[in-house]
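Reconstruct the complex from the two isolated chains, following the hints.
The listed protein sequences derive, respectively, from chains B and U. Position 47 (the first sequence) corresponds to 47 in the working numbering; numbering is contiguous. Position 91 (the second sequence) corresponds to 91 in the working numbering; numbering is contiguous.
Keep in mind the hints are simulated off the structure, nothing from the lab. Do not rely on the hints blindly, as some may be mistaken.
What the hints assert, rightly or not - No more than 20 Å apart at the CA atoms, straight line, and that leaves these computed lysine to any residue pairs for SDA-like:
#: 1; chain 1: B; residue 1: 57; chain 2: U; residue 2: 3
#: 2; chain 1: U; residue 1: 42; chain 2: B; residue 2: 10
#: 3; chain 1: U; residue 1: 57; chain 2: B; residue 2: 10
As the list claims (entries may be wrong) - Residues from chain B shown here face chain U by an in silico Cβ test under 7 Å; the list is partial:
#: 4; residue: 17
#: 5; residue: 54
#: 6; residue: 104
Glycine included, each C-beta is placed from N, C-alpha and C at the ideal position.
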Amino acid sequence: AAGVIQSPRHLIKEKRETATLKCYPIPRHDTVYWYQQGPGQDPQFLISFYEKMQSDKGSIPDRFSAQQFSDYHSELNMSSLELGDSALYFCASSLGLRSYEQYFGPGTRLTVT
Amino acid sequence: ILNVEQSPQSLHVQEGDSTNFTCSFPSSNFYALHWYRWETAKSPEALFVMTLNGDEKKKGRISATLNTKEGYSYLYIKGSQPEDSVTYLCAFNNAGNMLTFGGGTRLMVKP
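Chain U with its partners taken away, still in its complex shape (with noise of 0.2 Å):
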């Protein structure tokens, strides 16, 4: 059984604040870790793959790093907007076909 956490489960924050929550995963077999977007009621929305140890990638306030020697993904949010309030889930893909998720971060942002 692969084990995949995220941290927090929920966090608060207000309109405007920058944060950032973790997905930790095993540092064996690793292929891929997938970051999505899941607002209720819709399908979970991609937000990056990434594939290679330091890699860091950006879409508009939303940045990621990825380290897998040490097994974990940071998610970066810059200036949280309401729109921002859903669930962030990380997935692990360690060269499978299946994805294993972590439980999700369920961001809330007050304007």
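Okay, chain B solo, but in the shape it has when bound (with noise of 0.2 Å):
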């Protein structure tokens, strides 16, 4: 079965460039969120996205943005990147709203020195 795909798996960045992470939900799912994983942190919800609209914001810090297209899946912008954004961003989908499941991707590892 499809499961979530992200991309790329591995990022290297320098601090103040930027990064865009792409997630893609699992066929049919409509609702996309993303995680934060730190080092030796638990993962901490950033935003969700319901048929294209944002639906839950966290702990997003405002240099990061996001969206999702027509076609379900979302990417994740981040600017201005920060040794502190060295984390695993997952990504994690779901059919509707209020599912009581998410399925999460393998995670993209972004490190910035």
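In structure tokens form, the structure reads like this:
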């Protein structure tokens, strides 16, 4: 069965650069969630989208923005990168806004040097 | 800020041992409690989604219970195998969209 796809899997950027992470949900899933897991930390919710509209917002810095496109894939745009942005970024998808199940991708590991 | 805690943080057992660990979460505004099995460099794999107080779910040698009134869930593994050596994450869903994760329990099963 198709799973959530994230690209790239690994990304190395320098401080003050920008990065774009992509998430392709499971086919027919209309809801996408982004989580950030810093070194030694629990995954933290960043933002979610349902039917191309932002549905919930967590601890996402103002330097980050995200959107969901008509094919339901989502992109997380990160600007003015800081060392502290180095983390594993997970994307999850579900069918429906209040679904009990969220299916996770393998994550994108971002390293800021 | 929601407080979701897992204990222990790590656990070493012998192959064949049975073991269990805990996830505690707020007892108010409960919507669902998720257990994930997470192998490094792979996607967290959903084990259980638990929604009702008293729920007990089982998948092979792994089972889980849920107490929403007191805010805890147990995950049990019977007859641990080396392939069970992964991190087990619980996540609390309080009727919003977002999951609040615990810190995970890293299980290591010695052959």
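Could you tell me which of the numbered hints above are not met by this structure, giving the numbers in increasing order?
-> 3, 4 and 5
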